[in-house]
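Here is what each chain is made of, one letter per residue.
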Amino acid sequence: MSKHDDAHIPASAPPAIGLHTRSLSRRAVQYLLLLALLLILLLASLIIGSVYISPRDLWAVFSGEGGDLLSQKIVWQLRLPRSIVAVLGSAALATAGLLMQTLFRNPLAGPSVLGLSAGSSLAVAMYTMGGIGLSLGAPGIMGTSISAMLGSLAVLLLIMAVARRFSDITSVLIVGLMFGFFTSAVVSLLQSTASESAIKTFVFWGFGSFSKVMNGELLFFGLPLLVAMLAAALLIKPLDALLLGERHAETVGVDTGRLRLHIVLITGILTGVVTAFCGPIAFIGLAAPHIARLLSGSVKHSLVMPLAWLSAAILGLLCDIIARWPFSESSIPLNAVCAMFGAPLVIYLIFAGRRKKWLI
Amino acid sequence: MKLLECCDLKVSYTRRSRGERVLIEGLNAHFEEGGLYVLIGVNGAGKSSLLRVMAGVQAAAQGCVRLSAADVMHMRRVERSRSIAALFRDFSRVDGMLVRDMVALGRHPYTGLWGSMRAEDESAVEEAMEAVGMMDFAERQVSTLSDGEFQKALLAKMLAQDAPVMLLDEPDSHLDLPSALEMVELLRKLASAQGKCIIISTHNLPIAFQMADKVLLLEGQGKWAFDSPAAIAGHALMCGFLRSDKIAFVNGELTFKLNKT
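Protein sequences, first through last, are from chains A and B. Here the first sequence is numbered in our numbering, starting from 1 and rising by one per residue. Here the second sequence is numbered in our numbering, starting from 1 and rising by one per residue.
These aren't lab readings, by the way, just hints derived from the structure by calculation. Errors might be hidden in some of the hints.
Stretches of chain B that chain A covers, calculated by requiring three or more beta carbons in the stretch to come under 8 Å of a beta carbon on chain A [to be verified]: (1) 28-40; (2) 93-106; (3) 174-185.
Here are a few chain A residues that face chain B, going by a calculated C-beta distance under 8 Å [claimed, not checked]: (4) D57; (5) A60; (6) R164; (7) D168; (8) I169; (9) D240; (10) L244; (11) G245; (12) H248; (13) T251; (14) S298; (15) S302.
Bear in mind that the values here come from a model prediction, so they are computed numbers and not experimental data. Glycine included, every Cβ here is placed at the ideal spot set by N, Cα and C.
Build the full structure now, drawing on both the sequences and the hints.
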């Protein structure tokens, strides 16, 4: 991350005010615009889908005055939970990504670097294709979620043990990456012997989707995420200190060992829960912190974290709406949408940011 | 007045294959407020290890470091970081971080749960930047600074920490000679003007001998010498430190001469 003398600008160059220090009113405008965008997307996510629900019908559903039964059912039981899951799940992934990027001081780190998604994949593969599901009856969504959760939990415990054992955080990163290679090897072994339908179940889980969480499960999904995100917000001060390195954080009074465990635990819960219910969605968690840094023009977590939540929620909703592929009956995989539409968007944002052109 | 004290200190590290390697043994030394102390020794002699032990972030093999009678290893983290500011070399230059924000990180031991800055924290940051002459750089990104400017910004961060003891591991590394001299002169000035107790390590012997109040020479295998620059210059350990007959010490002048072949 360091730059050398060739990037040196003489002291007479105008300071980058306006670019990196935003006035309070400007920030307020930024938040208002983002919130408005989020609200518009939320409404759009209730309207758009294989069945179009007009704004008038939507109003009728919400106000309770009339509205046909089908619209009510679609909004209350399908679309609203799905939108809530998209917002919460995306914000959770962004939090995990931000924590990982700060912990490893590496902009390429994301929720998947600890190997938690890989652990979930392995467990789900074993459940759907390795015969565990069949021995418990037909593989179902609940079983998939539980095995995904158990898989990431197992990896989390492994990572915590490694993090305690090694003082060097890079070792933890390498263990996570190697575990990812190991799991994809086992998964491909399982795939080579599994039945067609089992492979299909696994592949569909891997597509990622915000639509699998039912109304009754929303609490089990949302509560741990909210608690973990609140816990992450309580870490913004030591996280700032960690930006300069663990040694620096220690000299200003941070218990870095404990902080590292907290970060790993929070990331584990966030990634584990989201992966269990929505499948492995890596992109949003990697991208949203970058968007937030560009928008805030800062690296301070007190500014970056809320913006990461907001931009992740917007990105997640947008990708989910596109994934419904409103022009047809079918839908396309969420992960494909994220990569196809999200990646160019992030590249554009980064280049626009470099050219000092700002969206807001 | 005595601020920091090493009592019968032993610094060593253990490798499973080779057993314990002792770097410093039986170190008794005290450091006073307003003093600038310089650690010298070859690479691997234990300068950085000693600074880490003094900062309380690494345990001593034996003995202890006392800060106004309290053992630094047993102090509360917040209290220790309010008393000792330390700067080690493994430092990330964060893309997108402003100089002002980096200096503000020095206020960490004083701010509350969320790290929000009160008026007195803001003024401490301003004063710190003023003291090292970095006011004009406050809104600049740290990634655009030269090495010398970055080092000064780090020093400002330490000053913002408002600790009576400052430990710096090779603050003049990567710096050209004038910048290195400027850096150490700044430290010298801070020690006398603000009454700080400053301990630095360096490989720049002319700077060590001409700027320090006292020099701590580490031999790297347990032995050490702690005395005035003039006394250290004539110390028996200096021969071992130079390790080469191509370098000679000009005794009366506290400078060196290279014997060219």
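Against the structure, the hints come out as follows:
no. : hint    : in the structure
1   : 28-40   : violated (count 0)
2   : 93-106  : holds (count 10)
3   : 174-185 : violated (count 0)
4   : D57     : violated (44 Å)
5   : A60     : violated (43 Å)
6   : R164    : violated (17 Å)
7   : D168    : violated (11 Å)
8   : I169    : violated (12 Å)
9   : D240    : holds (6 Å)
10  : L244    : holds (6 Å)
11  : G245    : holds (5 Å)
12  : H248    : holds (7 Å)
13  : T251    : holds (4 Å)
14  : S298    : holds (7 Å)
15  : S302    : holds (7 Å)
The structure fails hints 1, 3, 4, 5, 6, 7, 8 (numbered hints given earlier, in ascending order).
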